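Whole structure, please, built from the sequences with the hints as guidance.
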Amino acid sequence: MPNDKNYFYIPQIKKRNQKATLFKATTLLAIIFSISFLIFFLVDIVRAGYPAFTQTYIQMDVNINEEVVENPYSALKGKNLKIASRAWLRDLPNLIKENPSWMNTTQTLWVLANSEVDQYVKGKESRTHERERVYVDELRADGKVERKFNTIFMTTGDSKIPENSGIYASIVGTVLTIIVTMVIAFPIGVMTAIYLEEFAPDNRWTQVVEVNINNLAAIPSILFGLLGLAIFINFFGVPRSSPLVGGMTLALMCLPVIIVSSKAALKSVPSSIRQAGFGLGLTKWQIVRDHVLPLAMPGIMTGSIISIAHALGETAPLIIVGMIAFVPDAATSFTDASTVLPAQIFTWAGMPEKAYLERTAAGIMVLLVVLLSLNAVAVYLRRKFERKW
Amino acid sequence: MTMENGFIQHALHAQEQDSTQESIKVQVKNLNLFYGEKQALNSINMDIYTKKITALIGPSGCGKSTFLRCINRMNDLVPSCRVEGYIGVDGHDIYDKEIDVVAVRKRVGMVFQQPNPFPKSIYENIAYAPIMHDIVKKGKECDALVERALRGANLWDEVKDKLKDPGTALSGGQQQRLCIARAIAVEPDVILMDEPTSALDPISTEKIENLMLDLKKNYTIIIVTHNMQQAARIADYTAFFHMGNLIEYSDAKTLFVNPKEKKTEDYITGRFG
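Protein sequence lines, in the order shown, are assigned to chains A and B.
With my numbering applied, the first sequence covers 39 to 427.
With my numbering applied, the second sequence covers 52 to 324.
Fair warning: there could be bad hints in the mix.
Straight-line Cα separation of at most 30 Å, DSSO-like style, residue types lysine-lysine; simulated pairs [unchecked claim]:
1) A:422 with B:215
2) A:322 with B:311
3) A:422 with B:258
4) A:422 with B:213
A few chain B positions that, by computed beta-carbon distances, are all more than 12 Å from chain A [unchecked claim]:
5) 136
6) 168
7) 234
Chain A is faced by these chain B residues, among others (derived, beta-carbon under 7 Å) [to be verified]:
8) 165
9) 167
10) 169
11) 237
Treat the hints as calculated values from the structure; they're not laboratory data.
No experiment lies behind these values; they were computed from the predicted model shown.
Glycine included, each C-beta is placed from N, C-alpha and C at the ideal position.
Right under this line is the structure:
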């Protein structure tokens, strides 16, 4: 029967296809769901954070005389004093020192507005008095109000005055901390993995060690903070709040992940490579160093960079070792008191002034950029080492 | 030089004429091997002759590969494995406590079933081990060795223009010849081959077989093979293993044409295995 349609007929086929379609739709829905959350998060953060990258400046007359050097607040009169930033005024004597010719004159300068005025200019909720709002609107009509790129945010540390606070000190702190973490965690972690995977005898002891390492990877990070506090600060006397102690604490946290991922990368190298080496009379160390490690390197790199990126965003253990402290100046050495990006974000998030709100979001944006560039480095290194053989 | 050559040729000639005079390269006495409790080889006694191809045949799991791996102590890598007895290469016990296993494997090279070039260039594949063994220095000396080894493995003409290419980019048969070149670059006395052609197509297999016939001028070759035709084609001596026992060992012609043991006959006529 060549034209029998039932020849290719299976009774349940329609139902089976339906089930397959349903399953596919469910998986697709899951990814759409997670992507929409991600987009929502990104849009919200950027919307909240981008105003922090500009800051309001107002053009006004500034009286400069001997008295101003002693008492900068006398430089401005009436409403102008109400809308200017106290931080800017405090810095005025330094400005005068740099420009001695200004003495006993009245200069027209772009003066940093205080954060409440800034919020008002940005069209946000603000505690500015009605009279000042009218005054600012007048100035704005005269073109004397301008939003300039917020260099303060990118060049200073934390401050109790919102318009004077910046993220620079915590970026420096984060970089120093991560350097310490990498220098400690990467070599120790990779060496441990090499020993466990290539050299260790397969006995009860090794198994106990391996199980414990796997468990350590799942321990709440705050416990590592307590460990760092107890051992590094209280026992060894490492300076509190320093990138050194923070980096060492994060290194403890990174180690299990680096070890586990490096072990997996080493394990995935085909054993025929090792056999080939042994067959030629090479020593274990020569085989591991020149033949196994290069093959495992992309995997080791990826695991390590992801774990270090994770450490970069870690706050809890750093709070315990004191990196949440109010630190206005950027650290100049590994033992200076310092703060880190996530801790700075955490601090700002708890502040009552509205201007800190946008700085919190802007801080998150900076942290995300740092994380994404780290991941980009990871991808690049992976591609570079992952030559096709 | 000519005198020496003349002498060697004379010696070879004499060897061919009188097989009882052949010198023994590897001597195995009363070799027992255990994997944990299980005994895998039962008191093997075997003399393997210099510059001959000795084939080890037998059904799967008969212990022929295990036996092969005893000769360069590759079984040391298996934690549960225990070896008793004597294996001598040129009269030196390779299981002597004083002897470093790395030195043994330099004298007794190995080629595996799956071609396993290092994930490096063709040049580095060959040059790496000799440099590590201090046989040559980097540079011209090393280049010469690489060429010699590749010529020795009949691979030079195919790869001379792409020595910088990765070894794994070659075809399966070329990879296996690269592995052989790599093995002879270390200048061993004995080359062990564990089913070197079982992953290759017939044409590559033929090339490797011809290569082995060339190589036996300079090396003692011990090959494990599943392929009885192959053993018959290339081997001077053949050993038949079964259930961890060496059933029969004689020159290849006798074993295939006129086996003494019933089991050997059953196996080579295809009644089991």
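We went through each hint and held it up to the structure:
1. A:422 with B:215: holds (18 Å)
2. A:322 with B:311: violated (44 Å)
3. A:422 with B:258: violated (37 Å)
4. A:422 with B:213: The given pair, whose Cα atoms are some 22 Å apart, holds under the 30 Å limit.
5. 136: holds (21 Å)
6. 168: violated (7 Å)
7. 234: Nearest chain A Cβ is 7 Å from residue 234 of chain B, so the label is violated.
8. 165: At 6 Å from the nearest chain A Cβ, residue 165 of chain B passes the 7 Å test, so the hint holds.
9. 167: holds (4 Å)
10. 169: holds (5 Å)
11. 237: holds (6 Å)
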